[in-house]
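Enquirer: The whole structure should be built from the sequences, with the hints applied where relevant.
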Amino acid sequence: MGLVRATNITKVYGEYKAENATRALNGISLQVEEGEFIGVMGPSGSGKSTLVNILSGITAPTTGSVEIEGKEINKMSQDEMAVFRRRKLGFVFQDFNLLEHLTVKENIMLPMVLEKCQKEEMEQKTEVIMKQFGIEGLENKYPYTISGGQQQRVAVSRALINDPLLVFADEPTGNLDSKSANAVMKCFCQINEEEKTTILMVTHDVFAASFCKKIIFIKDGKIAMEIVRKGTRKEFFDYILDCQAIIGGVNNDL
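At the far end of the sequence shown sits residue 257, using the working numbering, and the numbering has no gaps.
In short, the hints are calculated from the structure, not lab data.
Any given hint might turn out to be false.
[Claimed, not checked] With a Cα cut of at most 25 Å, we get these calculated DMTMM-like pairs of lysine to aspartate or glutamate:
1. Lys225 to Asp208
2. Lys189 to Glu37
3. Lys182 to Asp241
4. Lys189 to Glu238
5. Lys216 to Glu39
6. Lys128 to Glu103
7. Lys134 to Asp82
8. Lys91 to Glu37
[Stated by the list, open to error] Between beta-carbon pairs, the in silico distance windows are:
9. Glu139 to Asp166: 12 to 22 Å
10. Thr66 to Lys144: 16 to 26 Å
11. Glu123 to Ile249: 48 to 58 Å
12. Lys122 to Thr235: 21 to 31 Å
13. Glu37 to Arg236: 14 to 24 Å
14. Thr235 to Glu197: 15 to 25 Å
15. Ile149 to Thr66: 22 to 32 Å
16. Asn178 to Lys144: 42 to 52 Å
17. Glu124 to Phe87: 15 to 25 Å
18. Glu130 to Ala248: 42 to 52 Å
19. Ala248 to Lys182: 39 to 49 Å
20. Lys119 to Leu244: 42 to 52 Å
21. Gly137 to Asp166: 13 to 23 Å
22. Thr235 to Glu83: 25 to 35 Å
No residue lacks a Cβ here, since even glycine has one placed at the ideal position from N, Cα and C.
Expert: This is how it looks when you write it as structure tokens:
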């Protein structure tokens with residue numbers, strides 16, 4: 004059945020049948036299996052961020068349905084959706100979205116605090132995940148005092164602290180230099196390979212995309228192409244570039 008199943012998703016801004024309505028997505032259906040690491044790419048305005056926002060329950064589709072673990076998320080109440088997202092989903096954003104008045108440790112612990120976990124469990128899990136991603140020693144620092152790469156690793160740690168079924172990442176390397184981007188993408192590979200965490204990542208960056216196992220290309224609100232990684236990451240990098248040339252340029256998005 005798949006971990007995520009989207010059926011005939013459309014997203015229209017404005018009156019559905021009006022001439023000036025903007026159709027961001029146009030009848031997309033897809034399935035995400037447990038343990039996949041999927042990149043979503045496409046030209047500017049193709050609808051890739053809109054798609055991921057709908058799959059994660061941030062935005063409702065105009066028509067169509069999204070199921071996660073067999074549950075139709077668009078039929079949940081606001082409260083049910085909030086709990087579901089907190090317990091089942093992890094989110095990583097381009098701008099880190101860390102709380103500046105909380106320390107690194109407090110930021111990572113936040114989802115567990117909201118779930119009213121035991122203090123001992125929170126301390127133990129936070130220590131383990133900080134070591135895993137090479138940010139131990141930063142626990143008492145504030146986000147504005149550490150580098151962008153370190154902030155994004157804190158954000159990844161926070162996204163994973165509740166052991167989510169699925170992680171959504173929207174341009175996670177967009178604000179990072181190449182060294183920091185490499186470190187963050189290695190974090191994603193590690194959790195995908197070792198923890199079998201399912202990852203769905205929007206990116207315009209071919210370097211970041213080359214870490215994925217599959218790429219879905221979106222164009223004009225539809226799936227234009229899907230490719231699966233075979234061979235080395237360098238070979239996949241070149242393959243993605245070739246596909247981009249066919250589909251069109253990839254920049255920032257809706």
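Enquirer: If a hint holds in the structure, say so; if it doesn't, say that too.
Expert: These are the hints, each one checked on the structure:
1. Lys225 to Asp208: holds, 20 Å
2. Lys189 to Glu37: holds, 19 Å
3. Lys182 to Asp241: holds, 20 Å
4. Lys189 to Glu238: Given pair Lys189, Glu238 holds - Cα atoms ~18 Å apart, limit 25 Å.
5. Lys216 to Glu39: holds, 7 Å
6. Lys128 to Glu103: Judged against 25 Å, a Cα distance of about 22 Å means the pair holds.
7. Lys134 to Asp82: violated, 34 Å
8. Lys91 to Glu37: holds, 13 Å
9. Glu139 to Asp166: 12 to 22 Å: holds, 20 Å
10. Thr66 to Lys144: 16 to 26 Å: The hint (16 to 26 Å, Cβ to Cβ) is violated, given that Thr66 and Lys144 are roughly 46 Å apart.
11. Glu123 to Ile249: 48 to 58 Å: Given range 48 to 58 Å: holds, Cβ gap about 54 Å.
12. Lys122 to Thr235: 21 to 31 Å: For Thr235 against Lys122, whose Cβ atoms are near 45 Å apart, the range 21 to 31 Å is violated.
13. Glu37 to Arg236: 14 to 24 Å: holds, 23 Å
14. Thr235 to Glu197: 15 to 25 Å: Holds, since Thr235 and Glu197 (Cβ atoms, about 20 Å apart) stay within the stated range.
15. Ile149 to Thr66: 22 to 32 Å: violated, 44 Å
16. Asn178 to Lys144: 42 to 52 Å: violated, 19 Å
17. Glu124 to Phe87: 15 to 25 Å: holds, 21 Å
18. Glu130 to Ala248: 42 to 52 Å: holds, 46 Å
19. Ala248 to Lys182: 39 to 49 Å: violated, 27 Å
20. Lys119 to Leu244: 42 to 52 Å: holds, 48 Å
21. Gly137 to Asp166: 13 to 23 Å: For Gly137 and Asp166 the Cβ distance comes to about 20 Å; the hint holds.
22. Thr235 to Glu83: 25 to 35 Å: The hinted range 25 to 35 Å is violated for Thr235 and Glu83, with Cβ atoms some 44 Å apart.
Hint violations for this structure: numbers 7, 10, 12, 15, 16, 19, 22, all remaining hints satisfied.
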